[in-house]
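Student: Each chain, written out:
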Amino acid sequence: EAGVTQFPSHSVIEKGQTVTLRCDPISGHDNLYWYRRVMGKEIKFLLHFVKESKQDESGMPNNRFLAERTGGTYSTLKVQPAELEDSGVYFCASSQQWDYPETQYFGPGTRLLVL
Amino acid sequence: GEDVEQSLFLSVREGDSSVINCTYTDSSSTYLYWYKQEPGAGLQLLTYIFSNMDMKQDQRLTVLLNKKDKHLSLRIADTQTGDSAIYFCAERATGGGNKLTFGTGTQLKVEL
Numbered sequence: 098e099a100g101v102t103q104f105p106s107h108s109v110i111e112k113g114q115t116v117t118l119r120c121d122p123i124s125g126h127d128n129l130y131w132y133r134r135v136m137g138k139e140i141k142f143l144l145h146f147v148k149e150s151k152q153d154e155s156g157m158p159n160n161r162f163l164a165e166r167t168g169g170t171y172s173t174l175k176v177q178p179a180e181l182e183d184s185g186v187y188f189c190a191s192s193q194q195w196d197y198p199e200t201q202y203f204g205p206g207t208r209l210l211v212l
Numbered sequence: 453g454e455d456v457e458q459s460l461f462l463s464v465r466e467g468d469s470s471v472i473n474c475t476y477t478d479s480s481s482t483y484l485y486w487y488k489q490e491p492g493a494g495l496q497l498l499t500y501i502f503s504n505m506d507m508k509q510d511q512r513l514t515v516l517l518n519k520k521d522k523h524l525s526l527r528i529a530d531t532q533t534g535d536s537a538i539y540f541c542a543e544r545a546t547g548g549g550n551k552l553t554f555g556t557g558t559q560l561k562v563e564l
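Those protein sequences? They're chains A and B, same order as listed. Under my numbering, the first residue of the first sequence carries the number 98, and numbering increases by one thereafter. Under my numbering, the first residue of the second sequence carries the number 453, and numbering increases by one thereafter.
Think of the hints as simulated: they come from the structure by calculation, not from any bench. Heads up, some of the hints might be wrong.
Said to hold, decoys possible - Below, a sample of chain A positions facing chain B; criterion: calculated Cβ distance under 7 Å:
| hint | residue |
| --- | --- |
| 1 | 140 |
| 2 | 145 |
| 3 | 198 |
| 4 | 206 |
What the hints assert, rightly or not - Simulated crosslink set (EDC-like; lysine to aspartate or glutamate; CA at most 20 Å straight-line):
| hint | chain 1 | residue 1 | chain 2 | residue 2 |
| --- | --- | --- | --- | --- |
| 5 | B | 522 | A | 139 |
| 6 | B | 508 | A | 199 |
| 7 | B | 488 | A | 199 |
| 8 | A | 141 | B | 530 |
| 9 | B | 488 | A | 139 |
| 10 | A | 141 | B | 563 |
Ideal Cβ placement from N, Cα and C applies to all residues, glycine included.
Required output: the full structure, derived from the provided sequences and hints.
Tutor: Below, the structure is given as structure tokens:
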């Protein structure tokens, strides 16, 4: 069974540009999460989808970040315009809706560097 | 509020035991998790413990939970070079939805 995949693995952009990150969850997982780790700090929750609906977006830092999950399969996270402080590793995770206890399976992350 | 803290670095010799510590502040935590991140890889779930348990053992891993002091530890017996990685503790709190709150991670270095 394929795990959670993320694309691209690395991205280097200039301040003010737009970047779109993609996450493909494990097949059949209704829950999809985005997290972010800024250099050397803790991993912070960004948002949670259940199928195509945003269940919790309390961790989204500001309106420059837009997450979508049309069709309830893969998800994209767009940053527009990117700022220096957006640099970090963006992780995606997925889990089954009725898993107990819930186990979130993480992808390898996208390393974003904003210059 | 939720806050999870870990020490940043730990260095041990191969064959010794490693103990990675974590403190948390949210007393409503239901599950506490340990994840491992190897270089260039994602987070791998190692083990978890339910908040009404004191201890959980899984092969070389022992998790201890002191709920009164809000202290969680991960002991790795007979530490090997392949155990070198960053270890994150995480909590899932009641009323917090499904989100996990992570610590800063502890970089474990295993020396020969």
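Student: Go through the hint on residue 140 (chain A) and say holds or violated, using the shortest Cβ distance to chain B against 7 Å.
Tutor: holds, 4 Å
Student: Quickly compare the C-alpha distance for residue 488 (chain B) and residue 199 (chain A) to 20 Å and report which way the hint goes.
Tutor: holds, 17 Å
Student: Holds or violated: residue 488 (chain B) with residue 139 (chain A), Cα cutoff 20 Å?
Tutor: With Cα atoms ~14 Å apart, residue 488 (chain B) and residue 139 (chain A) stay inside 20 Å; holds.
Student: A closest beta-carbon separation below 7 Å is what the hint needs, so does residue 145 (chain A) meet it against chain B?
Tutor: Holds. Min distance 6 Å.
Student: Mind checking the alpha carbons of residue 508 (chain B) and residue 199 (chain A) for me, to see if they're no more than 20 Å apart?
Tutor: Holds, at roughly 17 Å.
Student: Has the given pair, residue 141 (chain A) with residue 530 (chain B), been kept, meaning a C-alpha gap of at most 20 Å?
Tutor: violated, 32 Å
Student: Taking 20 Å as the top limit, are the C-alpha atoms of residue 522 (chain B) and residue 139 (chain A) close enough?
Tutor: Cα-Cα ~18 Å, so holds.
Student: Per the CB criterion, is residue 198 (chain A) less than 7 Å away from chain B?
Tutor: OK, holds: residue 198 (chain A) within 7 Å of chain B, min 5 Å.
Student: Given the hint that residue 141 (chain A) pairs with residue 563 (chain B), test it: the Cα-Cα distance must not exceed 20 Å.
Tutor: Distance of about 30 Å is beyond 20 Å: violated.
Student: Regarding the hint that residue 206 (chain A) lies at the interface with chain B, is the smallest CB-CB distance below 7 Å?
Tutor: holds, 6 Å
Going through the hint list in order, the structure does not satisfy hints 8, 10.
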